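A.B. asks: Each chain is listed here by its residues.
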Amino acid sequence: MAEASSPGAPPAGASRGFGRLTIEVRRSVSPQLRIGALAGAIAIGLTISAIALVLAGVPASDLAQEFIVATLFDPTNLKAVFVQAAPLVLVGLSAAMAFRVRFWNLGIEGQMIFGGVGATAVSLAHAGPDSTRLVAMFVAAMLAGAAWAAIPAALKLLMNVNEIISTLLLNYVASDILLHLLYGVWKDQDGFPHSLKYSASELIPDILPGANGGLVIAAAAAALLVVVTARSRAGVYMRFVSASPSVAEALGVPVRPLVFSTVLLSGALAAVAGFVVASSQEGRLTQSFYQGYGVSGVLIGFLARNNPFAAAIVGVLMATLVIAGQNLQVFYGIPQSMVQLIQAVIVMCVAASDFLTVHRLHWAR
Amino acid sequence: MTPALALDAIDKSFDGFRALDQARFVANAGEIHALLGENGAGKSTLMNVACGLYTPDSGTMRLFGAPTRLSGPRDAAAHGIGMVHQHFKLVRPFSILENVLLSRPPAAGDGAPYSRQARSVAQAIAAKAELLGAKVDPRARVDSLSIAEQQRVEVIKALVAGARILILDEPTAVLTDQEAERLLQTLRRLARDGATIVLVTHKLADVKRFADTVTIMRGGKTVAELDPSQASIEELTRLTVGDALPALPNEQPHFGRRRLEALDLTVRRADGAPAVDRVSFFVRAGEIYGLAGVSGNGQSELAELLMGVRTPDSGLIQFEDSGEAFSAPRPAALRSDGAAFIPADRYRFALAGALSVTDNFAIAGLRRGRYGGWAWTNIGRMRAETKEAIRAFDVQGVRSLAQKAALLSGGNAQKLVIAREFSDAPGVVVAQSPSRGLDARATAAVHARLKAAADRGAAVLLVSDDLDEVLKLSNRVGVMASGRLAAEFEQPFDRQEVGRAMVTHG
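If you read the protein sequences in the order shown, they are chains A and B. My numbering puts the first residue of the first sequence at 32, with every later residue one more than the last. My numbering puts the first residue of the second sequence at 734, with every later residue one more than the last.
Keep in mind the hints are simulated off the structure, nothing from the lab. Predicted, not measured: the structure shown is a model, and the values here were computed from it. Incorrect hints may appear among the rest.
[To be verified] Examples of chain A residues lying across from chain B (beta carbon under 7 Å, computed):
(1) THR53
(2) PRO62
(3) ARG262
(4) ARG264
(5) PRO276
(6) VAL278
[Unchecked claim] To list a few chain B residues with every Cβ distance to chain A over 12 Å, as calculated:
(7) PRO789
(8) ALA873
(9) LEU878
(10) ARG925
(11) VAL974
No residue lacks a Cβ here, since even glycine has one placed at the ideal position from N, Cα and C.
Please model the entire structure based on the sequences and the hints provided.
C.D. replies: Right, dumping it as structure tokens:
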């Protein structure tokens, strides 16, 4: 509703001669304004971060060099950015889709683990010919992740179990299952708790020199989801569930099937991220390949406002930040916490920018 | 005499839309001052300026002669202005006491322990309730109260906060005849004690009977201020609407088969008491069946059962067309059988306020596959048909198809709902208080649409707290009392007899 107030305005009578800042709800928000606000917020966040880095001892003249030239124009670093971006985009999409149906999926890491487990099971079983092995691993990963996500989805829909708690706790269960496998039947012959190395046909190849196939998978997923959310019937249904579940239900939207299948999709996307990390970075199933992606996914989904196109962009930016941060750590001795600080500043700026897209400020006499 | 509240040359625009245009309003202490106008005339906007919710773009406000700028509703309360909004501003899971505590402006004794503050506020609530001639339990949760009781809490809240100027936005729209009568008598008494009562309304009868002065607004402008006893209803109507109202066609109805039938429907409240108790009735093709009753006697629960948003404990809803009988109907299944719903709680069951006008209109057609299959939606066609429907159903205030539905005024939001629900020639229509809060012209349009649906052969169930509306539109009338269907009436209706059935069985 169009409620407006003016926090911080001077008390009545004290404002004579001065204008007063008033805040109004906009009637509609154009996509251009949304994108502009997001870009502006990221720019402001980066500026603040740059100031913090300069204060921490990085010469100002080196900043642009480190962030832009060294990260994006150095082939090795650029490749690292792309390799890093693929799983980040995928977990961002996973979070964005689940959030669209008001399912707070904090179980991305558990679903990644199951993606890795599913793919590795295919690898260890040598299922099918070498030429289709990667496809089989991909499909197995999706199925395993969707199945793992089905548990909290069913618990929520059938028994009203809060998914924030169930998805979070199931991460620990998934991690224990992973360790059980890696210390047990899947232990490598070298005695270390990781799986056998994938064969060459089980590694995601580079599509172009410097561009890993994982990124192609992530980009294709993002493109598909852009179409689904913007143009498909399910996309409109999701908008209604997101805006008001009670209205959606009363208008005949199949809310429960929609929520269930979207959560499976979210789990499958996270699982593909797990498969991509295992197959293009680690080359095997390790104990910790999934760590940190859960929070990153939620963060990307939030920053992207659950929009798949924005999630792809934010995922790539996040990857850039990760790689640039690694360089800063190596070359300037900037602590890891500084990299986290930069991420936090950007998140806060984007979160605050939402206020300006929804509201209009103007001075009243 | 210095006016208690004087607003002069107030301008207010929303994102370029001029809601108030040099509006003027002057009310004196001790009077009931009606503010009359159609939906979207700017009445609520002007009063939101007076109660500090909106900052005007320009213009002056004087309270008892002193120029005043309000920084917000809390500041307004501190200046003795209280407002009872059409959509109550109550925290539903909180008790009455907690709601009053929450909204009370800063006062002496704020540092006292909570229990002492609570006790003094409870006493204040009791005192104000007595002033209103009512008894309230300060510990009752707001969501356990009827609409009329919630409204009373709003009035008490304002009075406890020390309101000398009390603004009520469409207060009688949600009340039954008897409740409205009582409220207006109470307001009379408050005015006699020196309070200034501003009554935002579109009910001409209330204005004639209770207001000492009336200010009329149209299109954001103040068009007249006069003594309602000196003006005829026709004159007030002309000033409000600007031109004549559309008249209802009067045709002889002929009824067909029973299209909708309720069989022994029962639903219990959380405490186990039946809210709807073994209710059976039928509605035939071409018929409007009205369900009347004092609010809180099970009509709203029954309407929700029939709309599929509440599950009955026992009983069946039967659709003759499809031959289907539902014991646990979902809205999707009912809609697939050709049912259309106009719920009273619009933003809970009919419109997603955060979504666009287009989404809200096109969702019905989309569900039926009108705009393409699952994979691809023809957005151009969605927009074109929404545009056409907005024109055909005279939905005003739509400046862009991407505009959020929440920004439509009540009457126009209702027209949008009706445009959508009637877009597929429904066989069964369930309408719950469809003209609540709507002005005369929008009400006439809604009534005409219901009549037209019945004339086309639909079975129309009209559930309404407004007895006049029920008697005017219905071919048959059922009366609900204490969850039972207490009586049924055929035309011609005896208003007295129907009214008696509403209260004697309760």
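A.B. asks: All hints are to be evaluated individually against the structure, with a verdict given for each.
C.D. replies: Hints, verified against the model:
no.: 1; hint: THR53; in the structure: holds (4 Å)
no.: 2; hint: PRO62; in the structure: violated (9 Å)
no.: 3; hint: ARG262; in the structure: holds (5 Å)
no.: 4; hint: ARG264; in the structure: holds (5 Å)
no.: 5; hint: PRO276; in the structure: violated (10 Å)
no.: 6; hint: VAL278; in the structure: holds (5 Å)
no.: 7; hint: PRO789; in the structure: violated (7 Å)
no.: 8; hint: ALA873; in the structure: holds (24 Å)
no.: 9; hint: LEU878; in the structure: holds (20 Å)
no.: 10; hint: ARG925; in the structure: holds (30 Å)
no.: 11; hint: VAL974; in the structure: holds (25 Å)
Of the hints listed earlier, those the structure fails to meet are numbers 2, 5, 7, in rising order.
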